[in-house]
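Given the structure of chain W, go ahead and fit chain X onto it with the hints provided.
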Amino acid sequence: MSVRVRIWGLHLAVLLGLWALQQVLPPYHANNLARIMVLAVFAMGYNIAFGYTGLLSLGHALFFAAGMYGAGLAVWQLEWAALPALALGLLAGGVAAGLVGLLALRTAGVSFMIVTLMFAQAGYLAILYFGRVTGGDEGFVVEAAGRQLFGADLATDGPRAVASLALFAVAMLANLVLTGSPFGRVMVAMRENEERSRMLGYNPFAVKLVALVISGVYSGIAGAAYGVMFGYVGANFATVQYSILPLLYVLLGGLGTVLGPLLGAVLMFYLVDFASSLTSAYLMVVGVALVVLVLFAPLGVLGTLRERWLKWLP
Amino acid sequence: MVAMILQARGLSHHFGGLQAVDAVDFELAKGEVHALIGPNGAGKTTLVNLLSGRIRAQAGQITLGGRDITALPAHLRVRSGIAYTFQITSIYQRLSVFANVALACQSHGTRELRTAVAEALELVGLQAMAELPAGTLSYGHQRLLELAMGLALKPKVLILDEPTQGLAAGEIKRFKALIGILVPDISVLLIEHNMEVVMDLADRITVLNFGRVLAHGAPAAIKANRAVQAAYLGADRAET
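Listed in order, the protein sequences are those of chains W and X.
In this text, residue positions in the first sequence follow the working numbering: the first is 1, and each later residue adds one.
In this text, residue positions in the second sequence follow the working numbering: the first is 1001, and each later residue adds one.
These are computed hints drawn from the structure, not numbers from a lab.
Take these hints with a grain of salt, some might be off.
[As the list claims (entries may be wrong)] Pulled from the structure, derived: some chain X residues nowhere near chain W, Cβ distances all over 12 angstroms:
id: 1; residue: G1060
id: 2; residue: G1065
id: 3; residue: Q1127
id: 4; residue: R1174
[What the hints assert, rightly or not] DMTMM-like, lysine to aspartate or glutamate: derived pairs with alpha carbons at most 25 angstroms apart:
id: 5; chain 1: X; residue 1: K1154; chain 2: W; residue 2: E192
id: 6; chain 1: X; residue 1: K1173; chain 2: X; residue 2: D1203
id: 7; chain 1: X; residue 1: K1154; chain 2: W; residue 2: E194
id: 8; chain 1: X; residue 1: K1156; chain 2: W; residue 2: E195
id: 9; chain 1: X; residue 1: K1154; chain 2: W; residue 2: E79
id: 10; chain 1: W; residue 1: K311; chain 2: X; residue 2: E1131
The beta carbon of each residue, even a glycine, is placed where N, CA and C say it ideally should be.
The following block holds chain W by itself, in its conformation from the complex:
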């Protein structure tokens, strides 16, 4: 079996498995799964910047929120339908990432973390400041008219499950194609050795900017889908917590792997779910899990698997 067949086989099997899960899970968990898949798309975007290109950003909440507000406000203020609103959200994420990247990519390492964090905080504060347009910290509910996609009502469980799986599938397959492409190789080259890459004729700034924009597009569509599918847009999605979440998913699931973000999102979602049923200090459980992870498996679950056994895993 060639590596290509194995890779595509595995990823298609995962999609099939997700579809099967949607059929058999009770509604509570099926709904969780829809949420997880949308968040996994966000984490995949984060992984493109961090896992593949080596850009440790603390500002991705801004791109997620740009998508969410781009779509949500289009429905609320402009009475757009769901499809163009989602497209606007996707675009907003990419544009936000491009603008931030133009400035933030002049820095690297810790400075890059701080600059992206500051931009995201500025975005969060802007949402609060322009409360009359954005709904401020109360946010707003996405009206039913803006949640109709191809004649299906995304407010109901069935269509929402299909939509979340479709979004996840497209995002994952695009991620797979990207990482197997020449440009995917250049992204990894930038992460591994920027100076060498420059001396092979690649413009580090341009490569990183493109990677960040792709990452922003993923974050944007994830934010837009989250708002439209679950019907609520709020400023808490622009807080630093939503920059940290995809980082945690990626660290847990596997740095620089296509399936890592999904696995990380599933594990973290249910870890939080489980821990909060035990104690109100559930974040401490999450914290301990992460410390253990960083100490003993810094590449995450799939990253470690790939290093030890599954060398072909993309």
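Same frame as chain W, now just chain X:
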């Protein structure tokens, strides 16, 4: 007159108070192997960094095939035909040997990636190691991989910064044979400490000392030059 592929006029660069390269004129003829030698700290690496664009010249002008490239950033100089191999081996340790060379090949839009990579690896004799992670290669093989990446860029000018440093005798022999194959299609600028390699390969030699050109000319003339002997061996020993 021989055509010049790479020319520098009045090139200068200082780090703080240290004049690392001081008004240096330099010419690389088409198809020649030109060695750049000089004692430690003479400014050799700074000079090739200026030529390759890794650092910007504070004064002077550089032309490649008659075109002014002084203001061109490093990655565009690479694309216009100047390849640089690092003194301290700088490969992608965690990527496969194939991926390392593929990155060099695809940088100039090679369509037949597999063929191009195989060709470059075959030149240096690493074709059997394509699937290994580059970091697992021996030091000598890593140097050869670095060279393969330089060659895969299909450069007009290949700058080799201490290519034989740390290589075994057999590997040095292989390296010399390889350079013999490359010229005159590629012009080579060679920084080298190993005088045997320099004398065997170089058509011309430029000697730097304290950031200035001390001498340049054919190997025999350089060998006989008393100023060069003094700079290298210390004046008192040169006189004996």
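Structure-based check of each hint:
{"no.": "1", "hint": "G1060", "result": "holds (21 angstroms)"}
{"no.": "2", "hint": "G1065", "result": "holds (17 angstroms)"}
{"no.": "3", "hint": "Q1127", "result": "holds (19 angstroms)"}
{"no.": "4", "hint": "R1174", "result": "holds (23 angstroms)"}
{"no.": "5", "hint": "X:K1154 <-> W:E192", "result": "holds (23 angstroms)"}
{"no.": "6", "hint": "X:K1173 <-> X:D1203", "result": "holds (18 angstroms)"}
{"no.": "7", "hint": "X:K1154 <-> W:E194", "result": "holds (21 angstroms)"}
{"no.": "8", "hint": "X:K1156 <-> W:E195", "result": "holds (21 angstroms)"}
{"no.": "9", "hint": "X:K1154 <-> W:E79", "result": "violated (56 angstroms)"}
{"no.": "10", "hint": "W:K311 <-> X:E1131", "result": "holds (11 angstroms)"}
Going down the numbered hints, you'll see the structure goes against just number 9.
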